[in-house]
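Asker: Residues per chain, in single letters:
Protein chains: 2
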Amino acid sequence: MKAEIITIGDEILIGQIVDTNSAWIADQFNLNGIEICQITSVHDEHNHIVEALRNAAKKVDLVVITGGLGPTKDDITKNTLCEYFNTKLVFHAPTFDHIKNRFSKLSIDLNKLNRDQALVPENCTVLFNKAGTAPGMWFEKNDTIFVSIPGVPFEMKYLVEYEILPKLLEKGQTKAIYHKTVLTQGVPESMLAEKIEDWENALPKNIKLAYLPNPMSVRLRLSAMGEDKSLLRDLVEEQIAKLEQIIPESIFGFDKETMAEVIGGLLKINGKKLAVAESCTGGYISHLVTSVPGSSEFFNGSITAYSNKIKENILGVDAKIISEFGAVSEQVAKEMALGVKQLLNSDYAIATTGIAGPTGGTDEKPVGTVWIAVASKKKVFVKKFVFGNNRERNIIRSSQTALQILRRIVLVEQKNNRPKVIEE
Amino acid sequence: MKAEIITIGDEILIGQIVDTNSAWIADQFNLNGIEICQITSVHDEHNHIVEALRNAAKKVDLVVITGGLGPTKDDITKNTLCEYFNTKLVFHAPTFDHIKNRFSKLSIDLNKLNRDQALVPENCTVLFNKAGTAPGMWFEKNDTIFVSIPGVPFEMKYLVEYEILPKLLEKGQTKAIYHKTVLTQGVPESMLAEKIEDWENALPKNIKLAYLPNPMSVRLRLSAMGEDKSLLRDLVEEQIAKLEQIIPESIFGFDKETMAEVIGGLLKINGKKLAVAESCTGGYISHLVTSVPGSSEFFNGSITAYSNKIKENILGVDAKIISEFGAVSEQVAKEMALGVKQLLNSDYAIATTGIAGPTGGTDEKPVGTVWIAVASKKKVFVKKFVFGNNRERNIIRSSQTALQILRRIVLVEQKNNRPKVIEE
Numbered sequence: 001m002k003a004e005i006i007t008i009g010d011e012i013l014i015g016q017i018v019d020t021n022s023a024w025i026a027d028q029f030n031l032n033g034i035e036i037c038q039i040t041s042v043h044d045e046h047n048h049i050v051e052a053l054r055n056a057a058k059k060v061d062l063v064v065i066t067g068g069l070g071p072t073k074d075d076i077t078k079n080t081l082c083e084y085f086n087t088k089l090v091f092h093a094p095t096f097d098h099i100k101n102r103f104s105k106l107s108i109d110l111n112k113l114n115r116d117q118a119l120v121p122e123n124c125t126v127l128f129n130k131a132g133t134a135p136g137m138w139f140e141k142n143d144t145i146f147v148s149i150p151g152v153p154f155e156m157k158y159l160v161e162y163e164i165l166p167k168l169l170e171k172g173q174t175k176a177i178y179h180k181t182v183l184t185q186g187v188p189e190s191m192l193a194e195k196i197e198d199w200e201n202a203l204p205k206n207i208k209l210a211y212l213p214n215p216m217s218v219r220l221r222l223s224a225m226g227e228d229k230s231l232l233r234d235l236v237e238e239q240i241a242k243l244e245q246i247i248p249e250s251i252f253g254f255d256k257e258t259m260a261e262v263i264g265g266l267l268k269i270n271g272k273k274l275a276v277a278e279s280c281t282g283g284y285i286s287h288l289v290t291s292v293p294g295s296s297e298f299f300n301g302s303i304t305a306y307s308n309k310i311k312e313n314i315l316g317v318d319a320k321i322i323s324e325f326g327a328v329s330e331q332v333a334k335e336m337a338l339g340v341k342q343l344l345n346s347d348y349a350i351a352t353t354g355i356a357g358p359t360g361g362t363d364e365k366p367v368g369t370v371w372i373a374v375a376s377k378k379k380v381f382v383k384k385f386v387f388g389n390n391r392e393r394n395i396i397r398s399s400q401t402a403l404q405i406l407r408r409i410v411l412v413e414q415k416n417n418r419p420k421v422i423e424e
Numbered sequence: 001m002k003a004e005i006i007t008i009g010d011e012i013l014i015g016q017i018v019d020t021n022s023a024w025i026a027d028q029f030n031l032n033g034i035e036i037c038q039i040t041s042v043h044d045e046h047n048h049i050v051e052a053l054r055n056a057a058k059k060v061d062l063v064v065i066t067g068g069l070g071p072t073k074d075d076i077t078k079n080t081l082c083e084y085f086n087t088k089l090v091f092h093a094p095t096f097d098h099i100k101n102r103f104s105k106l107s108i109d110l111n112k113l114n115r116d117q118a119l120v121p122e123n124c125t126v127l128f129n130k131a132g133t134a135p136g137m138w139f140e141k142n143d144t145i146f147v148s149i150p151g152v153p154f155e156m157k158y159l160v161e162y163e164i165l166p167k168l169l170e171k172g173q174t175k176a177i178y179h180k181t182v183l184t185q186g187v188p189e190s191m192l193a194e195k196i197e198d199w200e201n202a203l204p205k206n207i208k209l210a211y212l213p214n215p216m217s218v219r220l221r222l223s224a225m226g227e228d229k230s231l232l233r234d235l236v237e238e239q240i241a242k243l244e245q246i247i248p249e250s251i252f253g254f255d256k257e258t259m260a261e262v263i264g265g266l267l268k269i270n271g272k273k274l275a276v277a278e279s280c281t282g283g284y285i286s287h288l289v290t291s292v293p294g295s296s297e298f299f300n301g302s303i304t305a306y307s308n309k310i311k312e313n314i315l316g317v318d319a320k321i322i323s324e325f326g327a328v329s330e331q332v333a334k335e336m337a338l339g340v341k342q343l344l345n346s347d348y349a350i351a352t353t354g355i356a357g358p359t360g361g362t363d364e365k366p367v368g369t370v371w372i373a374v375a376s377k378k379k380v381f382v383k384k385f386v387f388g389n390n391r392e393r394n395i396i397r398s399s400q401t402a403l404q405i406l407r408r409i410v411l412v413e414q415k416n417n418r419p420k421v422i423e424e
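Line by line, the protein sequences give chains A and B. Numbering-wise, the numbering used here puts 45 at position 45 of the first sequence, and it's gapless, one number per residue. Numbering-wise, the numbering used here puts 241 at position 241 of the second sequence, and it's gapless, one number per residue.
Honestly, the hints are just simulated from the structure, not real lab data. Do not take every clue at face value.
Since the list can't tell identical chains apart, any single copy or any two copies may satisfy a pair.
Unchecked claim - With a straight-line cut-off of 25 Å between C-alpha atoms, the simulated DMTMM-like cross-links for lysine to aspartate or glutamate are:
{"hint": "1", "residue 1": "K205", "residue 2": "E392"}
{"hint": "2", "residue 1": "K229", "residue 2": "E330"}
{"hint": "3", "residue 1": "K180", "residue 2": "E83"}
{"hint": "4", "residue 1": "K167", "residue 2": "D44"}
{"hint": "5", "residue 1": "K377", "residue 2": "E244"}
{"hint": "6", "residue 1": "K365", "residue 2": "D116"}
{"hint": "7", "residue 1": "K415", "residue 2": "D347"}
{"hint": "8", "residue 1": "K383", "residue 2": "E312"}
{"hint": "9", "residue 1": "K171", "residue 2": "E51"}
{"hint": "10", "residue 1": "K112", "residue 2": "D44"}
{"hint": "11", "residue 1": "K59", "residue 2": "D116"}
{"hint": "12", "residue 1": "K415", "residue 2": "E161"}
{"hint": "13", "residue 1": "K195", "residue 2": "E227"}
{"hint": "14", "residue 1": "K112", "residue 2": "E364"}
{"hint": "15", "residue 1": "K171", "residue 2": "D27"}
{"hint": "16", "residue 1": "K105", "residue 2": "D143"}
{"hint": "17", "residue 1": "K141", "residue 2": "E189"}
{"hint": "18", "residue 1": "K59", "residue 2": "E194"}
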């Protein structure tokens, strides 16, 4: 089944609010095998709404109209729907009783505007809005279903979940779909595409691949559509298993997992603890780790050492090393990692030192230069990276890269300890 | 001038991402007197994109197309544009040099996909994308302007701000506009509206006021539209000067300033340094502070003490205090602040200890309970807050609230020291 979402209201078009409703509806429909072909936001304006309805009706089986149903006079949706469906507004007694009850509970008197909310187009099926006063409306015209619901998020959600989706399921209007997103880190999008080109070209026709890059990672989303959900899942999982053979080192997780969650899981398996010493990342690694619920089980704490004195006095970095090699150096990163590991009595430690920018760079060490060290009980790994000129992105990329290095080291060491448990 | 935004890409249509780009563009355009008539999200699909372009061209003077310009093969926008504008892709040497430079800085070799990003439709004007590799493109056809830009938010923002808006202004397609946003904190929106009602009613007709609340502050945006930008600026500044007389304590900054930047400015005036000890905020305060360029001038560092042992061993909190009052207590917050101030040899210190959730709450100390302490050379201020159940929001709100308390204390102490320099 194909659908379009039409949102009515000026707030979105002047950028006053972000249209989160459409994303929510799209996600819910997608999970139910309904493909959203288009999302259209239009003004509270008669001709514009009619045009959007006409264009949508040509293309899809289902049109979901949100917004424009409040009691105030800028809301002209209902009258426009009457014209489009060639009908008139009539009084709907059950809706009026519902509105009356809600107002009496709040000890507020009904006014004309509230009474008018009980007027509905004569040829619609009323969708009971338990969450608010404006009813939902269901129309059918030339094999297209139209539903009109309020834009208030919790009312919209109620009507989609408890009225629209059950009615569609009842009518047998859904297809099976299965999605899975593979999370990769450390390989830029274009290089990744080259590495997996043969695999991508050999994907079954009913699996679609999408590249979704963000500053933290490149996500690969596989979507399969068909009749039988469990068959689709098997199909997608089979392709992901093949992908894991091609880029085993780049994949760190799936769907909505974060790198910190994945690391948390690995550390908890073996009862290991992490500590962090941050210079250029300034607390962001610590924030990413502690964003994971229950992170105290695998995280001891961190030191943000924003001055050389703290690197020396708290982390125990030798002042001579700083003066000889500079604070942004392999040697200092290494000493920071070893220092914080010991200070916070941990099994693993991450350290970062670099030039986040926008100023502070030199020819030898330009803005974006970052040394990352990861220490375990066995060794210290240190590597230099040169990111870009943007402070915020340098902080994010340094942090994510540091966590990725930690993940790889933990994986390898746990693999060596327990070779048959974790396959890399 | 009327405009439509067309976003290309399946991520929005399957609800995987919320379309924040369109809201941002709509807001920027609105501030520049460009009316957005419609926002349309379509698939990465040739016919669908062409249809959206045709429909838009009938209605508006400017079509902004975002997304679909990545190097991978799900991106068909450029070829579709070529067909629509009846042209072909040609090699654009300056874009290629720019891509080559970006990659060489990262020490990554160019592949064919990267090279192809330097191909642009022959009849477009290339908009230089300093923030990324995919260039923006500007077309004109039958009195309608079309611009195509990447969907990556910071690249999109760069191109709108530094290429598209200046070009429109140059062509006389936008009006002179001046806007300034007043950042307030500590007074809820409805109370604020009451306090400034008379001022608001007396605003000149060509100044528009918008309330932009978010969880931690209420922003007041003044927009003036007219012919002469410097006159508009004077007009707005005059009104803001009046506003500052009415709510002097609530205003903490202007436009895009952050609380951390404002604090940084205050601390730098007097050459003071800050230290932070975080438990429930887990490094987020440190991250907010170090997000400010040049923060090493006023920030020494922080300790994330995620275990009681670290609170005791590093911050010097008395173990007896923890066992008597619990880690989430007034006493521990106070000791943490004093401890980190001394340890990191600072003038001011913030400490947080609380239950971020989602688990770990008790009847006496429910999830969301947070103690915040701010220590100066003169005293320690400690206060309990009870936020909500959401871990992420609890971390953010605790952090912002802690910074706000620090700002007030620094202001008062500096006012007492130098009464004629800083007026509160």
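Asker: Any hints from earlier that this structure breaks? Give me their numbers in increasing order, please.
Answerer: Violated hints: 1, 2, 3, 4, 5, 6, 9, 11, 12, 13, 14, 16, 17, 18; rest satisfied.
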